[in-house]
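Novice: Top to bottom, those sequences are chains E and R. Heads up: the first sequence begins at 1 in this note's numbering, then just goes up one per residue. Heads up: the second sequence begins at 1 in this note's numbering, then just goes up one per residue.
I should point out that these hints are in silico values taken from the structure, not numbers from a laboratory. Quick reminder that beta carbons are idealized off the backbone N, C-alpha and C, glycines included. Any given hint could turn out to be false.
Which bits of chain E does chain R cover? Going by a derived footprint, with three or more residues having C-beta under 8 Å, they are [to be verified]:
1) 32-40
2) 51-62
3) 130-139
4) 155-169
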Amino acid sequence: MRSACLALASLLSASAAAAGAQAPATGDVGVSANVDGVCRLGPPSRPSVDLGELANRSGIRVGRLAALADAIVTLPGTYCNFGGTQVTLRAEALVQTELSQPPPGFARAVNYSATVRTWAEEPPLITTTASVDGDSPADQDSGGTEPAAKLTDLVLAFFGFSVPSDARLVAGTYQGLVTITLGPAGTGPAQGE
Amino acid sequence: MKLVSFGPAALLAAGFGAAFAQSSTAIAGPHPVTGTVPVLCAAGTLSDDDGVFAVGILVDTSTGFLRNDLSAPPKVLQGSFCTSKSTITVEASPMVAQASTGAPPEGFSDTVNFTAMAEGWTPSPAVFTTGAAANLNAVQTRETAFTGDIVVSIGDFTTEGGQALRLVEDPLYQGAVVVTLAPAD
Numbered sequence: 001m002r003s004a005c006l007a008l009a010s011l012l013s014a015s016a017a018a019a020g021a022q023a024p025a026t027g028d029v030g031v032s033a034n035v036d037g038v039c040r041l042g043p044p045s046r047p048s049v050d051l052g053e054l055a056n057r058s059g060i061r062v063g064r065l066a067a068l069a070d071a072i073v074t075l076p077g078t079y080c081n082f083g084g085t086q087v088t089l090r091a092e093a094l095v096q097t098e099l100s101q102p103p104p105g106f107a108r109a110v111n112y113s114a115t116v117r118t119w120a121e122e123p124p125l126i127t128t129t130a131s132v133d134g135d136s137p138a139d140q141d142s143g144g145t146e147p148a149a150k151l152t153d154l155v156l157a158f159f160g161f162s163v164p165s166d167a168r169l170v171a172g173t174y175q176g177l178v179t180i181t182l183g184p185a186g187t188g189p190a191q192g193e
Numbered sequence: 001m002k003l004v005s006f007g008p009a010a011l012l013a014a015g016f017g018a019a020f021a022q023s024s025t026a027i028a029g030p031h032p033v034t035g036t037v038p039v040l041c042a043a044g045t046l047s048d049d050d051g052v053f054a055v056g057i058l059v060d061t062s063t064g065f066l067r068n069d070l071s072a073p074p075k076v077l078q079g080s081f082c083t084s085k086s087t088i089t090v091e092a093s094p095m096v097a098q099a100s101t102g103a104p105p106e107g108f109s110d111t112v113n114f115t116a117m118a119e120g121w122t123p124s125p126a127v128f129t130t131g132a133a134a135n136l137n138a139v140q141t142r143e144t145a146f147t148g149d150i151v152v153s154i155g156d157f158t159t160e161g162g163q164a165l166r167l168v169e170d171p172l173y174q175g176a177v178v179v180t181l182a183p184a185d
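Bound-form chain E, shown alone (with noise of 0.2 Å):
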């Protein structure tokens, strides 16, 4: 049993020897992933923006337009994590949902003008221009390229509330929907509805 013992630590001993003497193979051994571009817009801090009433109850301006605040919506932790992308805002005035054709004298539309900052140096810009009747409520416009990753609170903003021929309004309830796109620059919005 012994000089079996001895045999095995003879050749493994043999074995080491053998390996010290040869030169070591070496190369380089590529360990590789990617990650695709992406782009995320954070939640809304609110899921739609009510301005209330939109008319005066009382004094001169009785049954017109009302002078409403700016509204803010962030959309905080907002990224892409590549280059060259763009805000594309696209947005509606707000337009009497049940009348077709309002009396004359009044009108069943406000237009206003909106903004999204914090992406690109130039921010998308556009302002309504809905008539009396409500037609053409749609405007779009896309910001500049932002040539870097980025992350962000983007800031939409709706400010200089109007009316087609500061006319009085319709009762009822007014509503405009309004979708922001970011993604690469050029490949155009999405038409979302």
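Place chain R on chain E using the hints.
Specialist: Only chain R this time, still in chain E's reference frame:
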């Protein structure tokens, strides 16, 4: 040697992979922007500052009976509007001798009835006759929002108790006309 050549190949593949990776576009919306306009009505302003229908002397001074040619220029409520369906209501109270007290002597009356009318708002004018048992046309409904002038007039003067009664002397006979615009359900 095989291992060495394999390395660059893998790196190249990774490079192309990045270049052709699908860029994701993010869309938020459509988010609604909403507002409301309440149903509002405003009766506008009167064409005359005093707002008084001046009928003048009520009686024929030779007979003491109510004149049959009484009139007063109509009043115009300018810039009236309602932002939705509305009703217009006209109500009136008769012209009553203000200084005399108690019941008038036999053969006399201290009250003059008349008819008030508000036109221009609804297809049929709102009409109210003082002293009438019923005024079915006093309330009229307009189906749509409207802005425009309302012409308010009075006429058809009659002596309460009958044309055979004379009017008691009084420096002031006074009545009233009230026009109300209100949102309709």
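Novice: Output the indices of the hints that this structure fails to meet, ascending.
Specialist: Violated: hint 3 alone.
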